[in-house]
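Note that the protein sequences, when read in sequence, are chains G and S.
Position in the first sequence (first residue = 1) + 787 = our numbering.
Position in the second sequence (first residue = 1) + 787 = our numbering.
Worth double-checking, as some hints may not be accurate.
For chains that are exact copies, the list does not tell them apart, and a pair is met inside one copy or across any two.
[Said to hold, decoys possible] Below are the EDC-like pairs computed for lysine to aspartate or glutamate, each with C-alpha atoms no more than 20 Å apart in a straight line:
id: 1; residue 1: LYS916; residue 2: GLU884
id: 2; residue 1: LYS938; residue 2: GLU851
id: 3; residue 1: LYS820; residue 2: GLU843
id: 4; residue 1: LYS938; residue 2: GLU877
id: 5; residue 1: LYS820; residue 2: GLU831
It is worth saying that the hints were derived from the structure and are not from the lab.
These numbers were taken from a predicted model, which means no experiment stands behind them.
2 protein chains.
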Amino acid sequence: MEHALDFRRATLADLPAIVALLADDPLGARREKFSDPLPPSYSEAFAAIDRDPNNELVVVDTPERRVIGVLQLTFIPSITYQGGWRALVEGVRVAAEFRSGGVGQRMFSWAIQRARERGCHLVQLTSDKTRPDAIRFYESLGFVASHEGLKLHLGGPGRA
Amino acid sequence: MEHALDFRRATLADLPAIVALLADDPLGARREKFSDPLPPSYSEAFAAIDRDPNNELVVVDTPERRVIGVLQLTFIPSITYQGGWRALVEGVRVAAEFRSGGVGQRMFSWAIQRARERGCHLVQLTSDKTRPDAIRFYESLGFVASHEGLKLHLGGPGRA
């Protein structure tokens with residue numbers, strides 16, 4: 788049976804639950820700082836996302852209002868593809884005990900539908916090559932690993 | 788000797804030159820429509836970029852005011868990395884006769900500096916795996932191909 792899940796825009800009250808999800812991951816544990824209170828950089832970032840009409844932070848709730856999934860959508864106007872909009876997906880996490888239960892698939896169905904509503908011709912994301920299960924998951928959704936995802940770190944959290 | 792180049796935000800008057808650059812490329816030729824007048828979708832996209840404080844379309848001019856390079860920067864607020872901003876680079880093109888002359892390197896020095904000014908901890912891009920020279924170029928700048936770049940096309944120009 789499928790879980791009854793609710794997809795909605797995140798609010799500031801969700802922020803501790805979101806950071807907890809992001810930190811509960813081998814890569815995220817090195818990057819995040821889940822303390823009480825949270826470092827103010829998190830709420831500043833939340834405010835920047837929340838006021839930007841081209842960014843949407845989406846959470847997934849159980850009926851008990853527990854946040855078990857998060858992702859961020861960025862809608863990007865581009866000159867390429869005859870002036871086409873694209874949607875970038877970042878910061879995807881599902882709570883450990885809900886993985887392999889179809890939650891991720893439903894989150895992406897939701898995100899792809901949202902990208903269509905926003906007139907995007909393309910949904911794109913990058914996935915760390917040390918996460919082969921994630922890459923297989925995205926390929927199962929129809930994503931094609933046609934590109935190299937290149938990163939240049941300029942310093943900051945998690946990079947000594 | 789280095790070319791004397793000017794880096795600046797694109798204006799609407801640059802749009803035909805930008806589309807000509809994008810179309811003059813094996814992949815771009817299939818995606819773009821360089822006609823006179825241009826399809827209105829290009830100027831609509833330009834307007835969307837121009838009014839968005841988190842998107843910057845940058846062109847490179849010769850002293851004769853010929854546009855020989857273009858790239859787009861998108862500044863993205865994120866919850867990940869303790870609420871860190873990242874810069875996404877898209878739509879990079881250098882005019883054929885100016886390639887291998889250090890123009891691309893100077894465009895990226897400029898873009899990376901701009902990302903630092905905007906407080907980004909990370910610059911990211913994806914590069915088509917059928918462009919090995921481009922990937923080597925990015926690696927020479929310090930980018931690491933740590934991620935797969937996955938794309939899901941939803942239909943539109945260049946995808947019949």
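Hints, one by one, checked against the model:
1. LYS916 x GLU884: Neither. Shortest intra-copy (23 Å) and inter-copy (35 Å) distances fail the 20 Å Cα cut-off.
2. LYS938 x GLU851: Classified as neither: same-chain Cα gap 38 Å, cross-chain 34 Å, threshold 20 Å.
3. LYS820 x GLU843: Result: close neither inside a copy nor across copies, 22 Å intra and 31 Å inter.
4. LYS938 x GLU877: both (14 Å within a copy, 13 Å between copies)
5. LYS820 x GLU831: Result: close within a single copy only, 15 Å intra versus 41 Å inter.
Consistency with the previously given hints fails for numbers 1, 2, 3, ordered from lowest to highest.
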